[in-house]
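Once you've looked at the hints, dock chain W against the given chain Z.
The primary structure of each chain is shown beneath.
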Amino acid sequence: MDRKIRVLIGKPGLDGHDRGAKYIARALRDAGMEVVYTGIRQTPEAIADAAIQEDVDFVGISLLSGAHNHLFPEVARLLNNKDASDIILFGGGVIPEEDIPGLKEAGYAAIFTPGTPAAEVVEFINSQMEKRQ
Amino acid sequence: MNSSMDIIRGIGEGSIRAIAKALSEVENGSSGSTDILDYLFSRQQGFTLGITGPPGAGKSTLVDRMITRYRSIDNSVGVIAVDPSSPFTGGALLGDRIRMQSHATDSKVFIRSMGSRGHLGGLSGATRDASLVLSAAGYNPVIIETVGVGQAEVEVAELADITLLVLVPGLGDDVQSMKAGIMEIGDIIVLNKSDRSGIEQLENYVKASLDLMPPGLKRPEVIRVSATNGGGLEDLWCAMDRLAATHSEKDKLLRSAVKTMNQILRENGVLFSEKLLELEYNGREAVEKLILAGQLTPYAVGRKLLERAERMFEHNGSK
Numbered sequence: 021m022d023r024k025i026r027v028l029i030g031k032p033g034l035d036g037h038d039r040g041a042k043y044i045a046r047a048l049r050d051a052g053m054e055v056v057y058t059g060i061r062q063t064p065e066a067i068a069d070a071a072i073q074e075d076v077d078f079v080g081i082s083l084l085s086g087a088h089n090h091l092f093p094e095v096a097r098l099l100n101n102k103d104a105s106d107i108i109l110f111g112g113g114v115i116p117e118e119d120i121p122g123l124k125e126a127g128y129a130a131i132f133t134p135g136t137p138a139a140e141v142v143e144f145i146n147s148q149m150e151k152r153q
Numbered sequence: 029m030n031s032s033m034d035i036i037r038g039i040g041e042g043s044i045r046a047i048a049k050a051l052s053e054v055e056n057g058s059s060g061s062t063d064i065l066d067y068l069f070s071r072q073q074g075f076t077l078g079i080t081g082p083p084g085a086g087k088s089t090l091v092d093r094m095i096t097r098y099r100s101i102d103n104s105v106g107v108i109a110v111d112p113s114s115p116f117t118g119g120a121l122l123g124d125r126i127r128m129q130s131h132a133t134d135s136k137v138f139i140r141s142m143g144s145r146g147h148l149g150g151l152s153g154a155t156r157d158a159s160l161v162l163s164a165a166g167y168n169p170v171i172i173e174t175v176g177v178g179q180a181e182v183e184v185a186e187l188a189d190i191t192l193l194v195l196v197p198g199l200g201d202d203v204q205s206m207k208a209g210i211m212e213i214g215d216i217i218v219l220n221k222s223d224r225s226g227i228e229q230l231e232n233y234v235k236a237s238l239d240l241m242p243p244g245l246k247r248p249e250v251i252r253v254s255a256t257n258g259g260g261l262e263d264l265w266c267a268m269d270r271l272a273a274t275h276s277e278k279d280k281l282l283r284s285a286v287k288t289m290n291q292i293l294r295e296n297g298v299l300f301s302e303k304l305l306e307l308e309y310n311g312r313e314a315v316e317k318l319i320l321a322g323q324l325t326p327y328a329v330g331r332k333l334l335e336r337a338e339r340m341f342e343h344n345g346s347k
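Chains Z and W supply the protein sequences, listed in that same order. Residues 21 to 153 (this note's numbering) are what the first sequence spells out, left to right. Residues 29 to 347 (this note's numbering) are what the second sequence spells out, left to right.
Any given hint could turn out to be false.
Claimed, not checked - In silico lysine to aspartate or glutamate, DMTMM-like type, Cα no more than 25 Å apart, as pairs:
#, chain 1, residue 1, chain 2, residue 2
1, Z, Lys102, Z, Glu117
2, W, Lys136, Z, Glu65
3, W, Lys332, W, Glu308
4, Z, Lys24, W, Glu313
5, Z, Lys102, W, Glu249
6, Z, Lys24, W, Asp189
7, Z, Lys102, W, Asp34
8, Z, Lys24, W, Glu295
9, Z, Lys24, W, Asp34
10, W, Lys136, W, Glu262
11, Z, Lys42, W, Asp111
12, W, Lys235, W, Glu249
13, W, Lys136, W, Asp223
Worth flagging that the hints you see were computed from the coordinates, not collected in a lab. Being a predicted model, the structure only gives us computed values, none of them experimental.
Extracted from the complex, chain Z is given alone in its bound form:
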């Protein structure tokens, strides 16, 4: 068996600021994971479809435009509809503190705000994988 943790990193919506997303993608790769990077300006449908085809364990999405309260839950809803609620979701970007509980309610296991060290995201993923096994 040669099992690898697979993570999809995507950016929904209209903002093109992908530094954060790329930074996390590289950090996860360097932690030995296989990271599928979808690029910017993805629709929630495209992210959900890609996550299913790629059979990832995690989907991480990043948004800096302020539309997270709409787009984040939409990705979760689509994955649920497609019978893929076992994929663990996390989010990142400019997210106000007060919005975080609502996003967790919508199915996000973690929300990482600016300044989070990459190691924290790696640790989150590893601990979630351990819990699952």
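For chain W alone, kept in the frame of chain Z given last:
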């Protein structure tokens, strides 16, 4: 959806999730993967296209164009995009989807990214099995895109029905180093970015290399395209269709069956050797130490293992 029976049933029902799970099973070489492959083997249909070439040659953009082309004649298209895994961490950044975004929500296009990992028997085992899954699930063609570094281009040519080698102007030494590859692999050599300067030089160079081919080998076609602005693509599609028409379905299946068996025998050979190493020397690490310490030669190890295997066969035979 975790047993191989569930997965096989799901594929029959056209479930995208089941196909994706099957791909993971075969990629991980899990215990159920042989059942899945065994069931799907005779259900393969259509053909496989291999695309290789140096990094930055525009392979993903060309694949994107190819998907559009096959979708326009109403085929479902499968894509396996292989990117290198780090030999140190085992991690990989798989970014080929970025250039195929126009098909992101088309339900008749299935794109799967794979890390090259450190597969037993090389890249070909996992990509071969993954392309079998997509082919049996009804995707035709299945396009395999791989970075042409080292052996990968030869391997992809071995498993695809038609192989395209993509080259671009300005890579100088990269083309030099692929000289041998040029002769061995491409059914079609695609000269991409034909709007750039240096395209003449590249074409002359490639053609001169082809002139050195030993007689009797089939000479690949050389076609200039610009995947970005669409120039030359019609010529490429025609050349691909001509080649596809020369492969009869039955020939292809037989050829691939024998080839696949040969590859599996090689992979099994590695597995058996590992088992024998375990019995004879307590595993690879221990024997590596002995070799490095000068207490054993590699040849002595090979001989010991063969002797051990022979003793085991004799023992079984006398039962």
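Verification of the supplied hints:
no.	hint	verdict
1	Z:Lys102 to Z:Glu117	30 Å, violated
2	W:Lys136 to Z:Glu65	15 Å, holds
3	W:Lys332 to W:Glu308	8 Å, holds
4	Z:Lys24 to W:Glu313	23 Å, holds
5	Z:Lys102 to W:Glu249	44 Å, violated
6	Z:Lys24 to W:Asp189	30 Å, violated
7	Z:Lys102 to W:Asp34	17 Å, holds
8	Z:Lys24 to W:Glu295	21 Å, holds
9	Z:Lys24 to W:Asp34	22 Å, holds
10	W:Lys136 to W:Glu262	22 Å, holds
11	Z:Lys42 to W:Asp111	17 Å, holds
12	W:Lys235 to W:Glu249	10 Å, holds
13	W:Lys136 to W:Asp223	32 Å, violated
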